[in-house]
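K.L.:
Residue numbers (the UniProt record's numbering), protein chains in the order written: chain A, 1 to 137; chain B, 1 to 171.
Hints in this document: simulated from the structure, not taken from any laboratory. Please note: incorrect hints may appear among the correct ones.
[Stated by the list, open to error] Derived DEER-like restraints, expressed as beta-carbon distance ranges:
| hint | chain 1 | residue 1 | chain 2 | residue 2 | range |
| --- | --- | --- | --- | --- | --- |
| 1 | A | 45 | B | 128 | 40 to 48 Å |
| 2 | A | 116 | B | 156 | 53 to 61 Å |
| 3 | A | 101 | B | 13 | 30 to 38 Å |
| 4 | A | 20 | B | 12 | 51 to 59 Å |
| 5 | A | 119 | B | 127 | 41 to 49 Å |
[Stated by the list, open to error] To give a feel for the contact side, a few chain A residues facing chain B, derived at Cβ under 10 Å:
| hint | residue |
| --- | --- |
| 6 | 32 |
| 7 | 62 |
| 8 | 82 |
| 9 | 85 |
| 10 | 90 |
| 11 | 94 |
[Unchecked claim] Chain B stretches covered by chain A per the calculated footprint, using a threshold of three residues with CB under 8 Å from any CB of chain A:
| hint | region |
| --- | --- |
| 12 | 13-19 |
| 13 | 86-97 |
| 14 | 154-160 |
Since the structure is predicted, the reported quantities are computational estimates derived from the model, not experimental observations. Just so you know, even glycine gets a beta-carbon here, dropped at the ideal spot from N, CA and C.
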Amino acid sequence: MVVYAVLILNKAGGLIYQRDFNPGLQKISANDYLIIAGTFHGVHAITSQISPTNDTGSSGLEVLESEHFVMRCFQTLTGIKFLIFAEPRQPNLDVVVRRVYELYADYVMKNPFYQIEMPIRSEGFDRHLAAYIKPQA
Amino acid sequence: MVVYSFFIFDRHCECIYIRQWLESTSTPAPAQPLSRPVTASSATTTATSTAEKPTSGNKLSMAEQAKLVFGVIFSLRNMVKKLCGPDDSFLCFRTGHYKLHYYETITSLRFVMLTDIRTENLKLSLHQIYVNLYVEYVVKNPLSPVEHAGGEGVNNEMFELGIDGFVRTIQ
Numbered sequence: 001m002v003v004y005a006v007l008i009l010n011k012a013g014g015l016i017y018q019r020d021f022n023p024g025l026q027k028i029s030a031n032d033y034l035i036i037a038g039t040f041h042g043v044h045a046i047t048s049q050i051s052p053t054n055d056t057g058s059s060g061l062e063v064l065e066s067e068h069f070v071m072r073c074f075q076t077l078t079g080i081k082f083l084i085f086a087e088p089r090q091p092n093l094d095v096v097v098r099r100v101y102e103l104y105a106d107y108v109m110k111n112p113f114y115q116i117e118m119p120i121r122s123e124g125f126d127r128h129l130a131a132y133i134k135p136q137a
Numbered sequence: 001m002v003v004y005s006f007f008i009f010d011r012h013c014e015c016i017y018i019r020q021w022l023e024s025t026s027t028p029a030p031a032q033p034l035s036r037p038v039t040a041s042s043a044t045t046t047a048t049s050t051a052e053k054p055t056s057g058n059k060l061s062m063a064e065q066a067k068l069v070f071g072v073i074f075s076l077r078n079m080v081k082k083l084c085g086p087d088d089s090f091l092c093f094r095t096g097h098y099k100l101h102y103y104e105t106i107t108s109l110r111f112v113m114l115t116d117i118r119t120e121n122l123k124l125s126l127h128q129i130y131v132n133l134y135v136e137y138v139v140k141n142p143l144s145p146v147e148h149a150g151g152e153g154v155n156n157e158m159f160e161l162g163i164d165g166f167v168r169t170i171q
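Please take these sequences and the hints and turn them into a complete structure.
P.N.:
This is the structure we're talking about:
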């Protein structure tokens with residue numbers, strides 16, 4: 001499993017966590033990541049509006065494919081978005097993103113010092129995420 | 001697979017062609033799956049009737065939807081280029097209800113197709129539409145203007161028939 005990066009966005013579209021795991025994406029500044037997070041938040045809202053089907057409660061963007069990567073987005077009921085960037089044709093990204101959500105629930109939400117909607121600075125979360133995504137390192 | 005709609009945007013970011021196919025299940029008396037074509041030139045006149053039609057299910061008119069679609073592909077394209085360098089391009093994205101396929105030519109002509117989510121990547125099909133239909137019937141048409149402001153020159157009969165036939169073959 002080659003996961004390039006994990007991003008977590010709060011419900012207002014702010015970037016609260018960003019970490020690279022494998023080389024594959026360009027090195028861009030923290031400011032650019034903030035811009036990307038904000039842009040994606042808006043795009044995600046629009047993609048649920050342009051649905052051509054009659055079904056109500058359309059979800060926003062879930063999987064984005066490009067020539068060099070695939071991105072899986074998972075939005076929780078509380079509006080937090082988890083973005084996983086991985087190499088193309090990577091299977092089971094759903095499982096990965098849900099496991100990251102579990103780790104978030106265990107090591108961020110259960111941390112009594114964590115302020116909600118604020119950037120995540122949790123050593124336990126960092127360690128367990130790295131152990132899950134990149135076990136060999 | 002089901003094809004919902006098809007858009008072409010030119011290098012000035014303007015929508016020069018819209019085509020919408022309604023699902024056969026959503027029309028009361030479906031004679032054929034490809035029922036109600038809407039072209040860019042007639043989009044302004046038919047926009048209200050399309051929006052009012054309860055079976056269409058779209059709260060937005062096609063012209064408004066085209067603007068939103070362009071906003072989405074423009075932002076995602078820039079996002080992908082920033083993340084992976086200028087030689088990468090965005091191919092498609094999927095939501096819970098539809099999938100959007102994107103193809104951009106070197107001349108910044110953008111082809112967008114909305115289909116159901118089970119469809120495989122249609123980059124090659126969009127390329128075929130560009131090579132076999134757009135170049136043949138629009139670019140090589142001596143009566144067609146160089147710039148297609150308002151969809152002028154794109155919505156000719158041969159191109160429409162070609163698109164219809166092509167979508168039937170991939171459906």
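K.L.:
Now look at each hint and say whether the structure bears it out.
P.N.:
Going down the list of hints, with the structure as the test:
{"no.": "1", "hint": "45(A) - 128(B): 40 to 48 Å", "result": "violated, 33 Å"}
{"no.": "2", "hint": "116(A) - 156(B): 53 to 61 Å", "result": "holds, 57 Å"}
{"no.": "3", "hint": "101(A) - 13(B): 30 to 38 Å", "result": "holds, 37 Å"}
{"no.": "4", "hint": "20(A) - 12(B): 51 to 59 Å", "result": "violated, 37 Å"}
{"no.": "5", "hint": "119(A) - 127(B): 41 to 49 Å", "result": "holds, 43 Å"}
{"no.": "6", "hint": "32", "result": "holds, 6 Å"}
{"no.": "7", "hint": "62", "result": "holds, 6 Å"}
{"no.": "8", "hint": "82", "result": "violated, 16 Å"}
{"no.": "9", "hint": "85", "result": "holds, 7 Å"}
{"no.": "10", "hint": "90", "result": "violated, 15 Å"}
{"no.": "11", "hint": "94", "result": "violated, 12 Å"}
{"no.": "12", "hint": "13-19", "result": "violated (count 0)"}
{"no.": "13", "hint": "86-97", "result": "holds (count 10)"}
{"no.": "14", "hint": "154-160", "result": "violated (count 0)"}
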